[in-house]
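Between the sequences and the hints, there should be enough to build the whole structure, so can you do that?
Heads up: the sequence lines are chains A and B, in that order.
All residue numbers in the first sequence are consecutive under the numbering used here, ending with 421.
All residue numbers in the second sequence are consecutive under the numbering used here, ending with 237.
Derived by calculation from the structure, the hints in this document are not laboratory data.
From a predicted model like this one, the values you see are computed outputs, not experimental measurements.
All residues carry an ideal CB built from backbone N, CA and C; glycine is no exception.
Careful, some of the hints might be misleading.
Quick list of simulated restraints, FRET-style, between CB atoms [unchecked claim]: (1) B:VAL104 x A:SER279: 44 to 50 angstroms; (2) B:THR175 x A:PRO66: 20 to 26 angstroms; (3) B:THR175 x A:ALA16: 45 to 51 angstroms.
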Amino acid sequence: MKRTLLVLSLLIGIAAVSIVWRNYRDEDAHPSPAATLSQEESIARGAYLARAGHCAGCHTARGGTPYAGGHAIPTPFGTLYAPNLTPDPETGIGAWTSDDFWRALHNGRAKDGRFLYPACPYPNYTKVTRADADALYAYLRSLPPVRQPNRPHELRFPYSTQLALAVWRALYFEPGVYEPDETRSAEWNRGAYLVNGLGHCSACHARRNALGATDSTLSGGTIPVQGWYAPSLHSKREASVAGWPREDIVALLKHGISPQASALGPMAAVVHGSTQHLSDADLRAMALYLSELPVHEDKAPEPPAVPPARLARGERVYAERCADCHGEQGEGVPGMYPPLAGNRAILLEPPVNTIRAVLNGGFPPATAGNPQPFGMPPYATLLSDEDVAAVVSYIRNAWGNRASPVNAWEVATEGRGIGVR
Amino acid sequence: MCRIPLRRIFAAVLCALPLAAAAAPPDTLAQRLRACTACHDDQGRQGTDAYYPRIAGKPYEYLYNQLRHFRDGRRHYPLMEGLLAHLSDEYLLTIARHFAALDVPYPPPEDNELSAEAATRARALVYEGDERRELPPCAACHDKALMGVQPAVPGLLGLPTDYIRAQLGAWRSGTRKAAAPDCMAEIARKLTPEEISVVSAWLSAQPAPAHGRPAARGGKPPMACGSVLDAEQGTAR
Chain A
1 MKRTLLVLSL LIGIAAVSIV WRNYRDEDAH PSPAATLSQE ESIARGAYLA RAGHCAGCHT
61 ARGGTPYAGG HAIPTPFGTL YAPNLTPDPE TGIGAWTSDD FWRALHNGRA KDGRFLYPAC
121 PYPNYTKVTR ADADALYAYL RSLPPVRQPN RPHELRFPYS TQLALAVWRA LYFEPGVYEP
181 DETRSAEWNR GAYLVNGLGH CSACHARRNA LGATDSTLSG GTIPVQGWYA PSLHSKREAS
241 VAGWPREDIV ALLKHGISPQ ASALGPMAAV VHGSTQHLSD ADLRAMALYL SELPVHEDKA
301 PEPPAVPPAR LARGERVYAE RCADCHGEQG EGVPGMYPPL AGNRAILLEP PVNTIRAVLN
361 GGFPPATAGN PQPFGMPPYA TLLSDEDVAA VVSYIRNAWG NRASPVNAWE VATEGRGIGV
421 R
Chain B
1 MCRIPLRRIF AAVLCALPLA AAAAPPDTLA QRLRACTACH DDQGRQGTDA YYPRIAGKPY
61 EYLYNQLRHF RDGRRHYPLM EGLLAHLSDE YLLTIARHFA ALDVPYPPPE DNELSAEAAT
121 RARALVYEGD ERRELPPCAA CHDKALMGVQ PAVPGLLGLP TDYIRAQLGA WRSGTRKAAA
181 PDCMAEIARK LTPEEISVVS AWLSAQPAPA HGRPAARGGK PPMACGSVLD AEQGTAR
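Okay, structure coming up:
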């Protein structure tokens, strides 16, 4: 009995020590490099990097002052509220030093030492260099201070505790600046740095486990709570860009549309708030890296057949509502309406994105290269669930397309009632 | 025997079919905005139901404000919010000007049965207001003809009862907001639910002039109104 107790307490002790040790790794080992930029250049550099990181996407409430926080981030563990990043000394980060800011970005710890929630993707931002972090800091310091107190997170127990975060970090968080792969070109490394660091593409395009941790690949996943499916960038069936002309990948990130695809749902937000503002050189580097990601040759299981009545109904709805723009053979109109024949985005499993595209419609993001995009009407009020299910099943199985059919129940649960978040 | 090259004819017909049937969509602003007109009608009139109001001919700055309000979370309707989420101010202004420039006939007024007493009460609120409660009349800002004032005050005629009532209700409960000071929120909070009901029913029963346009200029507004001030100072753009 005594021995069991001894072994047990020893094990607990080892676990506690390793959790503590793992939570404080790689701190204070990265002093600021000698400044090579003037203050003004540093601020401009930081503004650009803040775009690359899409910081305002979370740290600005809808219709609110940029970077003043307050935006709600729903998660399976509760709702987080992004904090104020303006230099207000009391409610923002006005009292933070560049070392404090570095520790938040690199180690996921706030000025007061608390662990931060990884909803702020510091598992990605940890790859950012100290020089880039300092530029971001200089930019945020240059913003007009806004007095707006942070709203406390609303998380369920035990996720609301620092102990839970410490365990999570011990399991899943690896601090460390990006280390270039010497066997690859500088351009490829630049792309990898942006995609895996500030770009935090894996926050959506990776699977998450039950505790919300992502793996290090970009093999696709359902975005928690939002429910959109972010397709795999390794899969030829989903969103791999291997073999695309590089300018088409750049066009998608810069203009929101390309001959092969257009940005939809959360990706439209990314193009609008982030990638459209990046330099051609950086976009080309990201495109190179993305196009050289390992490709997983995965075969889809043979999908079930569409019930003939649903297919016939879908064909009627398509002719009446869709063919005008997308073409009778689903061929689309270049630069205006995407083709549906052979379009991987509408064939994804799960089919939620396609259902939502029909229900909510949408415009690709307005960008410098596509300032007045063509829009698609929202059919939520114009078509019944049965009609939406029929037309989605039809376009997923016409003109050589082949994907699972959709029923009215899926339309009602995955599309309707969720609406826009 | 004459051999008819059936296969070739069949192939030729098959190839020609899509070409003959499909006329490419025109590259116009109206075509770009089919996402709007599917519900609001391709002439910008009232669309699929009473909650899709007519937008044709409304003052452009008013339409522009509403588009931004939906995008930025001051007005709420999930489909509108989703559609506008990633559009720029410049495009929204272009869209607003497009619909503001449309001149199409108004629908006939609704056939609402109002008691003489209710009609008198509605008319009094519309044209005289209630000084005791510091409630200005509708006509003071929306013009005597109730067709609105350029560039930011909308007309009140040619709209369904349900739509007007829903807007006043939304202002009252704070789910519809405008630029501060939000005069309509203040007014709607002073109105009783019964007053909202009779005013909405009365307004939608009034015929709109065939080609009624917003007045070019209004009088001095009886209270401060953020949307009007913004338009005067050009801060909206």
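(request) Note whether the CB distance of VAL104 (chain B) and SER279 (chain A) lies within 44 to 50 angstroms or breaks it. (result) 46 angstroms, holds
(request) Confirm or reject the claim that THR175 (chain B) and ALA16 (chain A) have a C-beta distance inside 45 to 51 angstroms. (result) Once the Cβ atoms are compared, 50 angstroms apart, the range 45 to 51 angstroms for ALA16 (chain A) and THR175 (chain B) holds.
(message) Does the beta carbon distance between THR175 (chain B) and PRO66 (chain A) stay inside 20 to 26 angstroms, or does it fall outside?
(response) Given a distance of about 24 angstroms, which is inside 20 to 26 angstroms, the answer is holds.
Of the numbered hints stated above, none is contradicted by the structure.
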